[in-house]
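Colleague: Below are the chains, spelled out letter by letter.
There are 4 protein chains.
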Amino acid sequence: MRSHYRAAVMPGPNQPIEVREFRAPELQPGGVVLHTILSEVCGTDVHLHHGKLSGVPYPIIPGHVSVGQIAGMRGTITDVDGLPFHEGDVVGFMDVHESCGSCHYCIVAKETTRCPSRKVYGITYPAEHGLLGGWSEAIWLKPGVKLLRLPKGLDAETYCGGGCGLNTAMHATDRAEIRLGDSVVVLGVGPVGQSIVTFATLSGANQVIAIGAPDDRLAFAKRMGATKTLSLGQPREERIQLVKDWTGGRGADVVIEAAGPPQAVTDALDLVRDGGRVVVCGQYTDNGDIGLNPHWQINRKHVEIRGSWGSDFSHFHRSIAVMGRHHERFPWREMITARYDLDHLDEALDAVARRTVVKAAVDPGIVAHS
Amino acid sequence: MRSHYRAAVMPGPNQPIEVREFRAPELQPGGVVLHTILSEVCGTDVHLHHGKLSGVPYPIIPGHVSVGQIAGMRGTITDVDGLPFHEGDVVGFMDVHESCGSCHYCIVAKETTRCPSRKVYGITYPAEHGLLGGWSEAIWLKPGVKLLRLPKGLDAETYCGGGCGLNTAMHATDRAEIRLGDSVVVLGVGPVGQSIVTFATLSGANQVIAIGAPDDRLAFAKRMGATKTLSLGQPREERIQLVKDWTGGRGADVVIEAAGPPQAVTDALDLVRDGGRVVVCGQYTDNGDIGLNPHWQINRKHVEIRGSWGSDFSHFHRSIAVMGRHHERFPWREMITARYDLDHLDEALDAVARRTVVKAAVDPGIVAHS
Amino acid sequence: MRSHYRAAVMPGPNQPIEVREFRAPELQPGGVVLHTILSEVCGTDVHLHHGKLSGVPYPIIPGHVSVGQIAGMRGTITDVDGLPFHEGDVVGFMDVHESCGSCHYCIVAKETTRCPSRKVYGITYPAEHGLLGGWSEAIWLKPGVKLLRLPKGLDAETYCGGGCGLNTAMHATDRAEIRLGDSVVVLGVGPVGQSIVTFATLSGANQVIAIGAPDDRLAFAKRMGATKTLSLGQPREERIQLVKDWTGGRGADVVIEAAGPPQAVTDALDLVRDGGRVVVCGQYTDNGDIGLNPHWQINRKHVEIRGSWGSDFSHFHRSIAVMGRHHERFPWREMITARYDLDHLDEALDAVARRTVVKAAVDPGIVAHS
Amino acid sequence: MRSHYRAAVMPGPNQPIEVREFRAPELQPGGVVLHTILSEVCGTDVHLHHGKLSGVPYPIIPGHVSVGQIAGMRGTITDVDGLPFHEGDVVGFMDVHESCGSCHYCIVAKETTRCPSRKVYGITYPAEHGLLGGWSEAIWLKPGVKLLRLPKGLDAETYCGGGCGLNTAMHATDRAEIRLGDSVVVLGVGPVGQSIVTFATLSGANQVIAIGAPDDRLAFAKRMGATKTLSLGQPREERIQLVKDWTGGRGADVVIEAAGPPQAVTDALDLVRDGGRVVVCGQYTDNGDIGLNPHWQINRKHVEIRGSWGSDFSHFHRSIAVMGRHHERFPWREMITARYDLDHLDEALDAVARRTVVKAAVDPGIVAHS
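Chains as they are written, first to last, in my numbering: chain D, 1 to 370; chain B, 1 to 370; chain Y, 1 to 370; chain P, 1 to 370.
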């Protein structure tokens, strides 16, 4: 551990990123400090930079999902199997933490992703609270933040290729309850959609139809497991007709929305078969209203629609385990199409916003790696 | 059995009802003829009279849910427990029948209420096909139509008080998966809503809040089990606030929409707590679109929305069993607030349309009863 | 708060209870001290006294479920709705606590009742650790122990009448997934069985058949909601035949075992219908093996068998809410058939062991009440 | 179609198979006649030959799962998507049929595999009723027997390699509710176990551990997807310890029993983790009782045990669809290790009984094929 670390700070909406030096804070009992191997720049960081999330305590150090090497810890820290971590271990951590464990959502309704006390690394902490984001040489993990050892053979690049979208994708796929042989449509081919394509494939869907744009992402979706793809360039009615043609005239058993535009939710309702299931996980920010017809699209359709918000440790744990087994079959690693150091993160944000890269990685350069 | 029977015919949308005489058709093997004790006039009949349902083969003999006395049958007919029916037995029957048992919805998806071959007594048969509706002295039950003996102590009036709404209510309550102690909001206090209020109460909801109009129906909902009621006369925001006040600030665990106006679906989404469940069963006809915000009302809310279409024999069987046990505690019988003979059914339709009666019964007068 | 409190200590298996005086320990931040209104003597205490549970750190202060008045606390303590507790409030608390929130069972499998770190008031603490059981004038609640305000109108006697069995019963009833109209058999008419009878009734079961002994408890089960009862005095084959007669020849949709003797599990499998569900919650200690036939009783029967271990806060919260609503309809209060002060707890244990009382209450006499 | 067909008849338990000639019966409306391409000899046929199933109307024509070419039909026959079949089509059919659609199991409990009216080709029909088994040049399909077109690229050999075990495996896998990332143990490496290994793999299990014998079947299980195998030759305690070592010390999330010996059910309970799920589908005949401890193995374990009996059309339809997609990845085709004509079926039965072949196919030689 060093006495000082450099970190990239987002001073406020639409302001340039600044690199500042922070004094290393003291470790609390149960606390851990990581030297950052990689962090990521994802769509949420673009939303943060455009000021689209409310209640963000700017200036902040962004970077919610990261991988690092344990540089120090205070006390014995163990994983869920009770095995202790050691200095030098390469780990990921659950960015969402401090679900209170005491409120109605946590312990009666058991919908912990709706706990009002949740905190998120890289989003909900002001920079003055210390190194609580991944765009930094080091990350201070508070007591209780859950660490997870990368499975053997899984490297930092692959892990960050899945990144925060992986947990969201696992939660959404769980909510979708795909059965062996189902037909599944995935709306959206950004990082979340790509991992859903893979998880739907691994869940035993017979057909996984990815719908989105641009074409190179659709081509990538095929490598992630999609059996067919449809471009948003094609007229909407044609897309719906083709999905029906491929599903006995009925529509898909399951549709998972991971697209973003509100209209995608309406599309989902027109693409799913009667009695099917729609999962909505792409409406992370408020992009406006949609119109729908409750007679034709909900009641008569006998459909089930499920929102899926955030994720918890079980999704993180299981998604990394699944990635650990299948990372040679599905090219998560290649989702990182550009890498930036701390001094070029405005460029990274710009590239993600313009979709010229699928996902950008942040390498602060403190840990030597391939 | 007689050689001829009188029946009320709806010649077409917005035309007066006519009483005609029909020659008794021959019984097929497995067929049954009932002498009608009571049939009902419900909201669907008003929709039929206003031409709001598509594909109806006018002229028709309306009356989908009815109770009668077995006047003849061909062969041995048994109930689900294998016990044979006899002439003189008082029975109800499942108006929806001829799910094909061979299509994808019936035997793969197992969503039989979406089988395209389904037929419904009183709705899908032209009058020229014979006595296939309940507004008639006699009803011809085709082979395979499921009969159900009324439980001991359950009379025809009580049965018809629940009527067709009872099956819809049971299906919707099943879809709601109410847990012991839940708070439940029921939107709509027509016949379907009233039975849902009772079923939610019997399912162990701690609070059952009925929202609707007019006031006498809200008062009736209290007798059906509602712990609280709210009038549509009260401003929407006030209603939402009160439900939140009664549910720890969160909203209800479950909201069941049985109201009709499309806006009720939006209301449901604002009344349910995060991670809760909304069931939509009141959008039986197309009354237009609604606007909703998929970020706030679906995704972030982590809500589950389930359409509930029609019903199958299991709902019929279980709802009659439940009514058989609880008809003294809940006043289903009093939902019939007017009774008409075959010659006054225009008046009956008018009264139901204007909501001056909750439910109208049709008594063709062929069976002597109390 | 006083400087010293009296408490009843169980020095070891089969040794007489002793009353000792303890110095009041200091409160930790987040800690609470209760003056005990009532605690209970239940079957588990008899097991403890007979040395049938392994790993118990005798001497202990027994008494896991208790109700008390807040006599002191350190810091602000809130309920699940965020409302603060105050001195003088009458509260219950969740005896099971310290699920770690970090192990595989807590956060991946989400089976928190199997967390190996769980602690239980009145069972897992040695007396030298302080006032951590209810057979005491005061109870020290560690930080994080969950409090619950008694609902308006619910008095201490009624609450203790349900007692620890209430949570077990709620968990078992949840696992049973009773549907409106189901037939349910409850095996066992001790405190747990009695509350299951009520919860099954409140869940909408059409029939609730209680099987057990002695006759006065069967009579009590009728007051708790049982529609029929069968005595263990009756030959086993007769009991099975009667249940089949009452369920269309098939057996019950759901059977919940809360009896204790291992043979009850075999009975359950013979009483449930094909494709039905059996919940096992009465095998709290090891009373030996059973024989069963996996072809006839599991595979061909297509049955579902669910063990139900312990309970969590959601069961506690919901069972108290349900009791708060229904305590006038069901006589939980009368389950307490004897009351003892700290100096006569050997008598209490003896009475519970010999089943001359259903449930014994402990009143240390520090709080004046009716 | 011909006027006469040859078929192999099992005259009674432990009697040699005889080939007899049958006059072709007349087709009923809705009936179909197939020229048999392949049928199978499976463990059930050995049970039939040893007289281990009760109520079998010997003499019978065995062969429940078969594939054939449509040689004649009366009327229009369509698949679940409404597409008509034509003469010459290569099809499989659902051997289990005539679920009554009218009894409590069919339409209230919706457990159709427990319908008492079910008939099974090759098992429940006496030979004098006609060509109602697959060990025959032709098979008479009664009206209502469900046909299924083989997916493009799926040949008769592969289809029969999966055979009747495929439906059983799909049903059991459905009941297992495997989640992405789960660890699954499959007990038994006969035809049913092998397909469960594949279906568990396709459902996203991270580990699939097959336990059974002999070694060549364990090796085959690896090709069907098993990540690890354990031999019954290894001591029981060692096997249990190894599974715990591979699952964080807890045991598997899911165990599926497809082994046969009753003791396998006890093994399953010792191999599953607390709060896990056990599915029992291998106890097709009565092989005696087991002993188990309901405290340690059910209640405290908080386990879920599900029997899984038979299968319905949805399992057939989905398993063929899944096989159609994955038959190049998993070697179902190679499960047929021997082929017999009608005149050598005693040898086939003997080979299956002695396990010298995994599965034997019957080729009556009427249809020319590769």
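Treat the hints as calculated values from the structure; they're not laboratory data. Keep in mind that a hint or two might mislead.
Said to hold, decoys possible - List of simulated lysine to aspartate or glutamate pairs, EDC-like, C-alpha gap at most 20 Å: (1) B:110 / P:177; (2) P:152 / D:245; (3) P:110 / B:81; (4) B:110 / P:79; (5) D:110 / Y:341; (6) D:222 / P:177; (7) B:110 / P:81; (8) D:119 / B:274; (9) Y:110 / P:79; (10) P:244 / D:328; (11) D:244 / P:81; (12) P:222 / D:245; (13) Y:110 / P:274.
Stated by the list, open to error - To list a few chain Y residues with every Cβ distance to chain D over 12 Å, as calculated: (14) 11; (15) 12; (16) 53; (17) 78; (18) 285; (19) 312; (20) 343.
To be verified - Using C-beta positions, here's what the derived DEER-type ranges look like: (21) B:128 / Y:242: 30 to 36 Å; (22) P:337 / D:222: 35 to 41 Å; (23) B:241 / Y:215: 29 to 35 Å; (24) D:249 / P:263: 45 to 51 Å; (25) Y:25 / D:339: 35 to 41 Å; (26) D:116 / B:215: 36 to 42 Å; (27) D:249 / B:28: 29 to 35 Å; (28) Y:341 / P:291: 53 to 59 Å; (29) P:263 / D:87: 56 to 62 Å; (30) D:116 / B:216: 36 to 42 Å; (31) P:149 / B:119: 25 to 31 Å; (32) Y:240 / B:119: 39 to 45 Å.
Just so we're clear, the structure is a prediction, and the values are computed from it rather than from any experiment. By construction, the Cβ of each residue, glycine as well, lies at the ideal position given by its N, Cα and C atoms.
Colleague: Compare the structure with each hint and give your call.
Modeller: Outcome of the hint check:
no., hint, verdict
1, B:110 / P:177, "18 Å, holds"
2, P:152 / D:245, "17 Å, holds"
3, P:110 / B:81, "14 Å, holds"
4, B:110 / P:79, "16 Å, holds"
5, D:110 / Y:341, "39 Å, violated"
6, D:222 / P:177, "27 Å, violated"
7, B:110 / P:81, "14 Å, holds"
8, D:119 / B:274, "18 Å, holds"
9, Y:110 / P:79, "43 Å, violated"
10, P:244 / D:328, "27 Å, violated"
11, D:244 / P:81, "12 Å, holds"
12, P:222 / D:245, "37 Å, violated"
13, Y:110 / P:274, "11 Å, holds"
14, 11, "34 Å, holds"
15, 12, "31 Å, holds"
16, 53, "24 Å, holds"
17, 78, "8 Å, violated"
18, 285, "27 Å, holds"
19, 312, "7 Å, violated"
20, 343, "38 Å, holds"
21, B:128 / Y:242: 30 to 36 Å, "52 Å, violated"
22, P:337 / D:222: 35 to 41 Å, "37 Å, holds"
23, B:241 / Y:215: 29 to 35 Å, "53 Å, violated"
24, D:249 / P:263: 45 to 51 Å, "49 Å, holds"
25, Y:25 / D:339: 35 to 41 Å, "57 Å, violated"
26, D:116 / B:215: 36 to 42 Å, "37 Å, holds"
27, D:249 / B:28: 29 to 35 Å, "32 Å, holds"
28, Y:341 / P:291: 53 to 59 Å, "46 Å, violated"
29, P:263 / D:87: 56 to 62 Å, "48 Å, violated"
30, D:116 / B:216: 36 to 42 Å, "41 Å, holds"
31, P:149 / B:119: 25 to 31 Å, "28 Å, holds"
32, Y:240 / B:119: 39 to 45 Å, "42 Å, holds"
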